[in-house]
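A.B. asks: Below, each chain spelled out in residue letters.
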Amino acid sequence: MSTGTWAELSRDAFSVAFFAYLLGMLAAFHFLAFRRKPVWVVSVAATGVGLAAHLVSIVGRGVAADRIPLGNMYEYSLLLSFLVVLAYLVFVEGYARVKTVGGFVLAFAVITMAVAVLFLYVGPAPLIPALNSYWRQVHVSSMIVSSSLLALGGVLTILYLVKERRERRLPSAPPIMGGAVSIDGAPPHFEAGADEPPQVEARARRGWLPRSSTLDRVAYRVIAFGFPIWTFGIITGAIWAESAWGRYWGWDPKETWSFITWVVFAGYLHARATSGWKGRRAAIVALVGFVSLLVTYYAVNLWIVGLHSYAT
Amino acid sequence: MSLPTAPRLSLRRSLALVWRSLRSMRTALVLLLLLALAAVAGSLVPQVGVADARIAATFREHPLRARIFDQIGLFDVYGSWWFTMIYTLLLVSLVACLVPRTRAFLRNVRSRPAPARELDAMRHYAELPVRESPDQALGRARRLLRRRLFRVSGPNGARALAADKGLGREGGSLLFHIAFLVLLVGVVWGRGTGFTGQAVIVEGQTWTETHANYDGTAREGRFFREDHSGVQVRVEDFRATYRPTGQPRDFVTRATLLDAEGRELERVDIRVNHPAEAEGVKFYQFGYGWAPVLRVERDGEAISDGPVVCQQDTAPEGVSQLQTPWNCVVKLPSLDPQVGIRFELWPDRRGLLALLQTGEAMPMLVEYAPVMTWEAFEGDLRAELVQGVGVLDTSAMRPLETGVLGAGETVDLGRGLTVSFTELRQYTVLTVSRDRGLWIVLSAAILILLGLLPALYTSRRKLWVTAEADGAGTLLKVGGFALQRRSQFEQEFSRLVRDLRRVPDERVGS
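Those protein sequences? They're chains A and P, same order as listed.
For the first sequence, the positions run 0 to 311 when numbering that gives the first Met the number 0 is used.
For the second sequence, the positions run 0 to 509 when numbering that gives the first Met the number 0 is used.
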């Protein structure tokens, strides 16, 4: 196949993945509201199909450009959204057995992909010399893997904050037939997570989302997994910067923001171990980290001029 | 709430108070977030050395705001007193946190797990009758725990074991924080004793690494002791290659490195991402440009001869840098009246031709019959004013003549003056720097990662086992808890109990 065909294949597969995620997202939200198990199956199946098409899109892009497809913001977004969905399937659906947050994660992936194709698209092309380094592959891939994990943690943290607020508003003795339960049509134990509470309380407290403690724990795990990789990414970035620009750290906006994100998530990890900061306060710190991650990822390239600008 | 009745703090007590608050995690947390906040400011406001042009623009357009920003150090956040204060306080707070923690940790490492009472009050507790003697059962439990990397103490006369695991969590956390401290020290020391600057070297020239040769671009650290290396760089040639689309492919400076005495050290190719090093000084490919060799003669006698470094203006929006001509200036202060000539160089003649024919210049990727347009001026160069080499101040001069000059040609300016464009060379711009803290910083960064993993992924667990004779067999009681990752410990605990229940066959009845 010619380069042009591969590029076309990549774009077609992108569309398939995009609409599959969109379908998966709608199905997931439907499941969240009405708890019909077949709808959940549809959601996960659509997500799986989307993921496969997504992989084809990434590989096609790489073949078309004749290099590893990690050279510009469009390609980063392609991989980032792929990994967010993959991490969601592995950690949240698989490991933590939480079935009700898929819609939000897919929404994040769909938005990332839409932004990528609308604002960041560039044709496949070779790289400029500064990007031509082995460190680029190590640096960029670890940054994207960790971004996807931290972003997933961010989405879960938002859900945690929503749920935690609802739980605080519930009366301390949970009513057997609370308002939150009436929407619920699913069999009582279907959505039970790893450590769901005794049945009655679970039914009363469940509402639309998993228990806040579950969300908190899964969010923490995902962030604690992503944080060392982010650290590694910054270190390899510094090594690369040293060989390309003659200094390992120069307060370039992208560097600065990756550091800010690192500091904020480090603050989150500390906050979880500090009395008086656990729970909501720590989650707010993680939320700030999530916003900082988005600024690092998008705003620095699109609005702030710096050495990383060529990555657009 | 009447403040005046509060007891007055003595100096010593307030110092103790400050020290105590520095030791708290909350203070460290707040300082960490303040550091992030300061960095945000630094990324939004243009910074000295990164965006000087934008700072100048701010001073022009919003003089009041610029003055305020300048006063409080917002244009140089990372060098400002308050940024220094935040990270110094953070360092102090880190040390204040780490000293007692390290002490406690070492105590913990040296001591053995302590016995406990009331196992049944633990979060995890199990009783299991086994058919062996209490001593056998305890011996087996001890081996089992040892195999799973628990530290075990006992049984010291009593029929009880105490075990724990997961010192790596605190150890890793301490390693992470100490390595972070070392990293900061490495950064400050390396930058402080080092320097960085830019060297502009024309093909065929030799450049010596001394303060004067940086033309004011050198930035030397606070503790730098004027120990420039004197290393010499002889540039053989420079080559920039482009793809047909105008996208750069490669920039290479072929050079020979010589020591301060002129002995040849090494021949190197310096390219982007592939710096060269000599005597601790590193040379990085940074930029390049054109340098025509111009010979000016008066009445057949050379008064100026050599390569002239040309600069390029930033291309306007929508025009590629490769379509833009290069500007250079020759000043002849020895003449009376003084003469200055301004040149515009087109390394590829077709670029200029395309501009004249179609109104749009062609990207100039290679040298091709280079040509220069020139304007000569006569009068006062005003050399008493500080001005760059590439700037010609014509306010006290009158235009003399203009023209075009191709490579290999000579033009007559009148008054016995001739200018020859002998050949076109390129110059390379190298970033030169020395940072002796590099290895400290890199090792500390690796230690940070190594510490982070156990700090995040292991947990501190404590277990106790007691054995009581119970008829023919023994009743084992196991209790324990985990300080982190409790749901995993639940599984670990039940696996352990399951294995303790399994008495090897040959023991039965013995």
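Rather than coming from a laboratory, the hints here were simulated on the basis of the structure.
Glycine included, C-beta positions come from ideal geometry on N, C-alpha and C.
Take the hints with a grain of salt, since some may be wrong.
Unchecked claim - Partial chain P-side listing against chain A, Cβ under 7 Å, derived:
(1) M24
(2) L32
(3) L33
(4) A35
(5) L449
(6) L451
(7) T457
(8) S458
A.B. asks: Do the numbers back the hint for P/T457, that is, is its least Cβ distance to chain A under 7 Å?
C.D. replies: 12 Å, violated
A.B. asks: Can you verify the interface hint for P/L33: is its Cβ closer than 7 Å to any Cβ in chain A?
C.D. replies: Violated, about 10 Å.
A.B. asks: Hey, does the P/M24 contact hint survive, CB to chain A under 7 Å?
C.D. replies: Constraint on P/M24 satisfied, holds at 5 Å.
A.B. asks: Holds or violated: is the Cβ of P/L32 closer than 7 Å to a Cβ in chain A?
C.D. replies: 6 Å, holds
A.B. asks: So, as I understand it, the hint says P/A35 touches chain A; can you test that by seeing if any CB pair is closer than 7 Å?
C.D. replies: Status holds, d = 4 Å.
A.B. asks: Does P/L451 pass the interface check with chain A, least Cβ-Cβ distance below 7 Å?
C.D. replies: 5 Å, holds
A.B. asks: Hold the hint about P/L449 up to the distance rule: shortest CB distance to chain A must be less than 7 Å.
C.D. replies: 10 Å, violated
A.B. asks: Holds or violated: is there a CB of chain A closer than 7 Å to the CB of P/S458?
C.D. replies: 12 Å, violated
In this structure, the earlier hints numbered 3, 5, 7 and 8 are contradicted, and the remaining ones agree with it.
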